[in-house]
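Dock chain one against chain two, each of which comes alone in its own frame, and use the hints as you go.
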Amino acid sequence: MTFEHFAIGVGITLLLLMIPAMLRIVNGPTALDRIVAVNVIGTKTAVLLVVIGVVFKQVGMFVDFALAYALLNFTGSIAAARYLHRAAQRGGDAPSGEEAD
Amino acid sequence: MILTILSVILIVSGLVFFFGAAVGLMRFPDFYSRMHAAGKGDTLSTLLVISGFALYQFRDIHDFSHDWPVLLVVLKLLAIVVFIYLTSPTSTSALADAGWEDGIDPVIEPGRENHLEDDCHRTPPSSPQP
Numbered sequence: 001m002t003f004e005h006f007a008i009g010v011g012i013t014l015l016l017l018m019i020p021a022m023l024r025i026v027n028g029p030t031a032l033d034r035i036v037a038v039n040v041i042g043t044k045t046a047v048l049l050v051v052i053g054v055v056f057k058q059v060g061m062f063v064d065f066a067l068a069y070a071l072l073n074f075t076g077s078i079a080a081a082r083y084l085h086r087a088a089q090r091g092g093d094a095p096s097g098e099e100a101d
Numbered sequence: 102m103i104l105t106i107l108s109v110i111l112i113v114s115g116l117v118f119f120f121g122a123a124v125g126l127m128r129f130p131d132f133y134s135r136m137h138a139a140g141k142g143d144t145l146s147t148l149l150v151i152s153g154f155a156l157y158q159f160r161d162i163h164d165f166s167h168d169w170p171v172l173l174v175v176l177k178l179l180a181i182v183v184f185i186y187l188t189s190p191t192s193t194s195a196l197a198d199a200g201w202e203d204g205i206d207p208v209i210e211p212g213r214e215n216h217l218e219d220d221c222h223r224t225p226p227s228s229p230q231p
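Chains as they are written, first to last, in this note's numbering: chain Z, 1 to 101; chain C, 102 to 231.
So that you can see chain C by itself, here it is in the shape it has in the complex (with noise of 0.2 Å):
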């Protein structure tokens, strides 16, 4: 009982994650601040849900020497929180650059200065910033 109480308020709350990321993916002004809405939004509530479902899963051990198989089914699952936990900022690190490069020029307040134009190499931009 308390194991599904546990896992119901970590999938629940990583829904409202997902729910954030959704909200910032659509409504964010700019492309690197939606992939940031995105990137972290996802990496997070995709570990909470996974989380929920496989601290779910140890409901269904009661003899350990007859139903081991689970805890296979566990460590899956955590395999499927390793992976999304170190991917999921490797490929949004990699879209983002791609992004820098590609020439996608983030908003910024006017009155500001973009900093990172002095960092890096690549040529300024052609039309000024509106």
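The following block holds chain Z by itself, in its conformation from the complex (with noise of 0.2 Å):
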């Protein structure tokens, strides 16, 4: 059993292990239940892709592809936050006195 063989099982783990966060995206109760949910498979994805990177033997070429993906899934993550944020402040559930920026 090479290391290779180790890196698939530890891919095949993690795609398990994204089963209870889809879950929780299907049946989150609220918006940002699912937006965590997201980031928290967005982050899973990262790893995946190191592990591809291994089993192909390319890690060099992956790891581009990994800081990518986590780059794009902190701006996905904040921005949903800053969006619901602002939509929480324009519904009047929260008084309007601190605009951040």
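Computed beta-carbon distance windows for the label pairs:
1) C:Met-127 - Z:Met-61: 30 to 36 Å
2) C:Ile-110 - Z:Arg-86: 40 to 46 Å
3) C:Arg-213 - Z:Thr-2: 51 to 57 Å
4) C:Phe-159 - Z:Ile-19: 32 to 38 Å
5) C:Pro-207 - Z:Gly-60: 44 to 50 Å
6) Z:Thr-2 - C:Leu-172: 21 to 27 Å
7) C:Phe-165 - Z:Ala-68: 26 to 32 Å
8) C:Glu-210 - Z:Leu-16: 29 to 35 Å
9) Z:Arg-86 - C:His-163: 51 to 57 Å
10) Z:Met-61 - C:His-216: 49 to 55 Å
To be clear, the hints were calculated from the coordinates, so they are not data collected in a lab.
Ideal placement from N, C-alpha and C gives every residue a C-beta, glycine not left out.
See below:
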């Protein structure tokens, strides 16, 4: 059993661990639950890209993909958080006193 | 050989923490506790798994003047680790703030009061706590 077989096992485990987050996306009670689950899946995908690079012996190429995916994941979750923050402030649920920027 | 064993130990412990994050995301009763499980578990387990793969890359370095591009790959992997270490708590904090402003109420044990209600500027929820 080489390290590549172990890496394939790690990848399959990561895929199986995405299923609970997927269920949380499907029946999350609020929109923010879904965003958190999407964030979790995105982080797992960045790790999975590194695993794919190890399996195909091209880590130098897939590391860049993983870095870009982590960046996009962070940007997406921050954008969703800011959007829902502003929507809550517009909706009148919270007083509109402190607009950050 | 010892590098392989060390990296396998790091990766397997990272997978254990990934499993804990998935179970917490599935079973916790509350948005904030689910976010706690997802944020902490994801940060630590990503750090462990990618550090394990970065440690495994050192196995390919035999002659430094010839194998120095491997060191570049290791540096990129460590850049991913540092980036996720910085950004995952940031996005967790931003999402928790958005959830609080959105009016998601934490599940509180009956008989205890919500102390955060006094600190926050938001209006109290219209419906009483179950």
